[in-house]
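Asks: Chain residues, written in single-letter form:
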Amino acid sequence: MFEIHCPYCNEKRSEIEFAYAGEAHYVRPTAQEQTEMSDEDWSRYMFIRDNIRGEHAERWWHNSGCNMFFNAIRDTVTDKFVMTYKMGQPRRTETQIEAARKNNAEQKAKS
Amino acid sequence: MKYSAISLFANALSGHKKWPVQFPDKEPKKEYDAIIVGGGGHGLGAAYYLAKRYGITNVAVLEKGWIGGGNTGRNTTIIRSNYLFDESAAMYDHAVDLWDGLGQELNYNLMFSKRGVLMLAHNVHDVQSFQRHVHANRLNGVDNKWLSPEECKAFCPPLDISPHRRYPVMGGALQMRAGTARHDSVAWGYARAASKLGVDIIQNCKVIGIRRDPDGAVEGVETEKGYIASKKIGVSAAGNTSVVMEMAGLRFPLESYPLQALVSEPVKPVMPCVVMSNAVHAYISQSDKGELVIGAGTDQYTSYSQRGPLHLQEHNVAAICEIFPIFKRQRMLRSWGGIVDVTPDRSPIVGKTPVKGLYVNCGWGTGGFKATPGAADMLAYTVAHDAPHKINAPFNLDRFVGGRLIDEAAAAAVAH
Amino acid sequence: MSLFRKTGRGVVDDSKVINFTFDGKAYQGLEGDTVASALLANGNHLMGRSFKYHRPRGVLGAGWEEPNALIAVDRGKGRVTPNVRATTQEIYEGLKAESQNRSPNLKFDMGAFNNAFSMFFPAGFYNKTFMWPKSFWDKVYEPFIRNMAGLGPAPDADDPDVYASTYGHCETLIIGAGPAGIAAALSASKSGERIILVDENAHMGGSLRSTPNIEIGGKPASKWLEASLKALTKAENVTLMTRTTATGYYHDNFVALAERVKHHIPNAKIGKVREALHRIRAGKVILAQGGIERPLVFNGNDRPGIMLASAAQTYLGQYGVAVGNEVAVFTSHDSAYQAAFDVADANTRIAAIIDVRSTIRDDLIMGATQRGIKIIKSAAITKTFGKLRVNACEVYEPESGKKTKINCDAILMCGGWTPSLHLWSHSKGGIKWDADLAAYIPDMPNENAVCIGACNGDFGVAAALSAGHKAGGGRKAYKTNEIEFGSGVVLSSLPSYLDSSKQKAFVDFQNDVTEKDIKLAVSEGFKSIEHVKRYTTNGMATDQGKTSNLNALEIASKAVGKPIEKVGLTTFRPPYTPTTFGTFTGYRDNELFDPTRKTPIDPWAEANGAAFEPVGHWRRAWYFPKDGEDMHAAVARECKATRESLGIFDASTLGKIEVVGPDAAKFMNLMYTNPWSKLPALGCRYGLMCREDGYIYDDGVVGRMAEDRFHVTTTTGGAPRVYRHMEDYLQTEFPELDVWLTSTTEQWAVIAINGPNARKLIEPFVEGIDLSPEAFPHMTLREGKICGVPTRLFRVSFTGELGFEINIPAHYGRLVWENLFEAGQQYNICPYGTETMHVLRAEKGFIIVGQDTDGTVTAHDAGMSWAVSKKKRDFVGKRSLARPDLVAKGRKQLIGLLTENPNEVLEEGAQIVDDPNQAIPMDMLGHVTSSYWSEPLGRSIAMAVVRDGFDRMDETLSIPMPGKVIKAKVVKPVFYDPKGERLNVV
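Those protein sequence lines, which keep their order, are chains L, B and V. Residue 1 is where the first sequence starts when you use this note's numbering, and the numbers rise one by one after that. Residue 112 is where the second sequence starts when you use this note's numbering, and the numbers rise one by one after that. Residue 528 is where the third sequence starts when you use this note's numbering, and the numbers rise one by one after that.
Where hints are given, some of them may not hold.
To be verified - Lysine to any residue pairs mimicking SDA-like chemistry, simulated, CA-CA at most 25 Å apart: (1) K914(V) / E853(V); (2) K379(B) / E853(V); (3) K128(B) / G827(V); (4) K655(V) / W130(B); (5) K930(V) / L915(V); (6) K623(V) / P380(B); (7) K86(L) / E1263(V); (8) K1125(V) / N234(B); (9) K1153(V) / K1167(V); (10) K661(V) / R457(B); (11) K959(V) / N315(B); (12) K955(V) / R445(B); (13) K379(B) / G551(V); (14) K811(V) / V77(L); (15) K1491(V) / R249(B); (16) K129(B) / K1089(V); (17) K1496(V) / Q1378(V); (18) K955(V) / I97(L); (19) K604(V) / S273(B); (20) K463(B) / E142(B); (21) K1029(V) / P131(B); (22) K256(B) / E1434(V); (23) K655(V) / D208(B); (24) K467(B) / R445(B); (25) K959(V) / E335(B); (26) K129(B) / R249(B); (27) K1397(V) / T30(L).
As the list claims (entries may be wrong) - So the derived list for chain B, only partly shown, Cβ under 10 Å to chain V, looks like this: (28) N122; (29) L209; (30) L361; (31) A504; (32) L508; (33) R510; (34) V512; (35) G513.
The set of hints was computed from the structure by calculation and includes no laboratory data. Given the structure is predicted, the values throughout are model-derived calculations rather than measurements. Using N, Cα and C, we set each Cβ at its ideal position, and we do this for glycine too.
Between the sequences and the hints, there should be enough to build the whole structure, so can you do that?
Replies: Structure follows, in structure tokens:
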């Protein structure tokens, strides 16, 4: 059972307080875009997923806590969370992820 | 050497030193007529059927680890075909038809045990849903019959059918010719039979790239053991399909989830059949060694770690003890995790891809083992003909665009 | 005192005799004994039979690694525990133990027939035979194989015992209370942080209990142990847990501890906790799991009396039991000498030490000489003798070719040591091969964890103590007088003059996997260790390879011709030792497995004889049978009463969500297919919800309380997922909308009153609402009071009758219900359940999402295009409704069916065809979704989804059933009061 840092509560809590909510950063097309887009593109929005083996941007819902949805970067091979960040914030860059990973390692070394 | 009681006897007399290698380790050739990526039951079976049924023997199976090491060797070995929709019934029943007699065909005992699969109904909605299955199966020629709670108990004596249970048994759907098989033997049996027909089985050979010609068609794969040319590549990589497809620039409607299972210590025979309960998300059978084999639904998050959480194990066991309180004193011996690839409609994708010469068999979710011979045959057919068979034609990628989903899970939706 | 007990030794209490039985025979042991030590004290070595060949077996070890001595412990009905290691089961007064996997008894076992023919049953033999004739598989071979299977007895009654579970937290969790773990706890306790020290055994001390004569800092180990445990017990920040196994190490330092609370208690009462699962989240985990001695793989190494050297040391040191009178020692490692010396010092004769090595440390030779023990160097045991107990062995010296028969009644063997990496591996810590130790040892950690002592490859008491102290944050060197732990050699096969095919050299004792099985697997092409394991079943017994994995790896690696690192290591996964299902289940038993949700009115229904049905997490009153009525009769009566006069129904389970905020209507417009902007305050509307795929997801009546406030209802089962769906879109896609969502399902009790007398019933109770039809039309709502309680009163109808849904605060639900019920007597008020609700709504053609729809049905398919706004630019699901397959011909559409024979009620789920005479597989057009007897109509009615159903009005279709074909006509799915006049009775 993971510990997940909720960026709203700013606390680490047990996985059972959270629900997984799928890959992050799939922005729903606007009404205008929907009318203009092909069935293929629409299907891509709905169904196609990166399903990354490695660092995966995903959403979690703190449903038994503060009730907020948020974003996370988790390594799907080790199941280690690299970082979590609030909904609405942009996709994290490689550099940001690398920095977070480094920071985590330092924190761990300190403890 | 043909396997039989006689050969076993003869070899015993010579100290079992003369048994030939079952599936020789081969170094890859420069080129093959077809390559199958993934040495599980599905991939090895596809290679076997390519050689046996469709006349393509210059085939290689590339496996990144050891054959049968993925979901083939990590499942609860349930075989059944009592699916609701015509498309699914046809696919899974084709598999069950092939299971029957497969041991003889491969000359490898797969221990296919037709012990019956009983699916329990715990509420009115389940009853409606399963009776719909029973009726549809009857008209599709798939055996499946409805049992009352008392008939369920007679068929499976350890079952608790008392009405005061939290999930009382309100009946069940029984498929008699369903059951279990020895999972590892399926991989080994196909591997041995395919090897005999000239298929090269290459283990520890991870595919790291897919090479395409200027027109976009595949021309070969980059592997840890070097480049191997082939104009036909069938991918049967289960949880790792997304990773392989990405090498060809394709993104797929797949997500990979961990799926846990466990066994108890062996005890004397007590479970005569397979029992499944969708309402509590658990299934159970007893292996020919005496272990209770228990499975459940997937974890909630995508992962490739094969490491499951404790609370899910607790739930799986609690679910089984709810249906079978008699097993509460048994002990969990071993647990393991597989990585299952799940599509939006929980039905597989078997067919062509947008890339010429690249074929796929994936998305079997938690139901891949039972389909092994069927999926293998359909992948082989599609690779050989560059076109799907009518059984796997509906299981195409286009359904996610047009909307003609084959949604078995939705059809069993719980609401009221 | 029994024959083999050495008084004054060990932790057993000489003054407390305990009586127990084994296979019905009475034995005596001492308090502190295990079943194994007590039986050995009585000179009884035969304790079990192996799985495949049914070979007689004694103990191999003295602890949790034991593969052979498995027993069933019988505490009465439903309380028989199979496959218990005799080496870990503490005896208690009256303990009843039975041996397993033998028939008729342990000494004479018919199953040993297999042993005589074992040459025909090598690894994987079953793949090669039992195939002909085909029909024999089902009828002959398989039943035979299955009857032979299994070890312990199968359960025949429910386990009446109780299991518990807890959560816990600590800064440091130390697993294993041997010298390393205890030193770590002593040192870490100084910090004042919370420390938990756990050990699987009854007493802490680990190897110190087996070697009480070693001196630590000049004091006997037993004294040091006593003082240390006293100090730890006194420290308030330290929790000590014995009889507690760390069974699994999960993500982020989450460790499962299984505590055996009552296994050692006589007359353990039912109703008291038998085992408990403690789930510990630790800041840091210190693993001090120790190591396991490796057996030597030689011909005949499995006879009763042959055991690990450390096991003999433990039986002597801990229990004061000598394992024989004349003991041979066979080793490839220095550590066995200490065991031999301990045994010799307790006045047991050592027949010889047979060492496969040619050079032996001087101090060991000296120690042996002092004790008069003969060492045979460069030699190996090649045969053993004795049927149910070893009585001699043959020693072979390959250099001279000399063979000597040595009499002995026990053989102690030592093939080196394997660090216990189980939990470390669960945590996904890295491992590396250590060529000197010939074992895997920990590499880089994955969690905040460290391995210390033997499980880190640091053997010996002094090394363990120092490592422990350091891991606890201190710095201290310990001095002991132990013999240097030393080293050994690992030989993948021991010298022998016998042909390998003639040998039975066991690697996995329980599963009867021999050296030649492993070689056979490799020669047949199974070269990965996982393949070898699966083909031979090595390491898959109940000991999970604790004593066999490394030996198998050595043999396989040699056979494959690759270094061990290239052959791999099988993965360790939880549990570390077999763990009771009940322990995982804990309190989640029956009712608590999944707590049943009950409405405030549920107790009334129960008191009034309702039959219940489970719906989602709820239980709902299904029907209210009177005087022996069956469901059919009760429902017919309830339907009739409601249509004729008055029915009362508990609708509290309906999901409710309060949607509030300036943008509430905008949000509703996006979440539902219907338009909401123009719905006036106090208006109601039926809402239909899709997911992005365009299929019907949920439905329910929505009331607009005010411009900025909606009272949304959902299906009973759908409430949680609809709420999540809404929150998800609100927070992720539409965060700019100023809206709040609150689940209010439990806040409101809902009473549905239906029937021509509905208004008359409630009128006297309602305050502040004008109930007249003009002032309060259908599909509107009002706020006021009923029975003095605030209410949101909806005028809606799911039955087609004049209807009201009374929402009141949940705590008043029963009060209002009872008031109305009492007053309703004058109208013959009839309480009805979900079944009648279903019939009444079906008579009107109202759908039940999940019954008439199944996740593949669109609003159009369900005949509800009217509920889908054409004007809205966007709502969830809109784009998908334009996908080609959702507008194509041939979709299944919801229609009504009337059977030709009005008395025939179709089966729900029955399939519909055009031509019932076609061949199987038939072309099925659709299926019956709802079907009932309609009492008011005096005939059956049904709803169905049928391919192109809307175009088939008045067509007759066939429903083929076993033995008959039912004909039915396609009609519009409104059977009762199609004009809706009954809604408006005054």
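Asks: Hinted pair, alpha-carbon criterion (25 Å max): K1029(V), P131(B). Please report holds or violated.
Replies: At roughly 20 Å apart (the allowed maximum being 25 Å), P131(B) and K1029(V) satisfy the hint.
Asks: Would the hint linking K379(B) and G551(V) be met if the CA-CA limit is 25 Å?
Replies: holds (21 Å)
Asks: Taken at face value, is the distance from the CA of K1089(V) to the CA of K129(B) at most 25 Å?
Replies: This hinted pair holds, its Cα atoms lying about 22 Å apart.
Asks: Go through the hint on G513(B) and say holds or violated, using the shortest Cβ distance to chain V against 10 Å.
Replies: With Cβ-Cβ at 4 Å, under 10 Å, it holds.
Asks: Measuring from the C-beta of A504(B) to each C-beta in chain V, is the shortest one below 10 Å?
Replies: Violated. Min distance 15 Å.
Asks: With a cut-off of 25 Å on the C-alpha distance, tell me whether K467(B) and R445(B) pass.
Replies: violated (43 Å)
Asks: Please work out if K463(B) and E142(B) have their alpha carbons no farther apart than 25 Å.
Replies: Between K463(B) and E142(B) the Cα gap is close to 21 Å, so the pair holds against 25 Å.
Asks: Would you check the hint for K655(V) and D208(B), treating anything up to 25 Å between C-alpha atoms as holding?
Replies: Answer holds: K655(V) to D208(B) is near 22 Å, not above 25 Å.
Asks: When the nearest CB of chain V is found for N122(B), is that gap smaller than 10 Å?
Replies: Holds - the Cβ of N122(B) comes within 10 Å of chain V, reaching about 8 Å at its closest.
Asks: Quickly compare the C-alpha distance for K811(V) and V77(L) to 25 Å and report which way the hint goes.
Replies: Holds: K811(V) and V77(L) sit about 22 Å apart, inside 25 Å.
Asks: Next item in the hint list is V512(B). Is there a CB on chain V closer than 10 Å to its CB?
Replies: This hint holds: V512(B) lies near chain V, its Cβ roughly 7 Å from the closest one there, short of 10 Å.
Asks: Classify the hint on L508(B) as holds or violated, based on whether any CB of chain V lies nearer than 10 Å to its CB.
Replies: violated (14 Å)
Consistency with the previously given hints fails for numbers 2, 10, 24, 26, 29, 30, 31, 32, ordered from lowest to highest.
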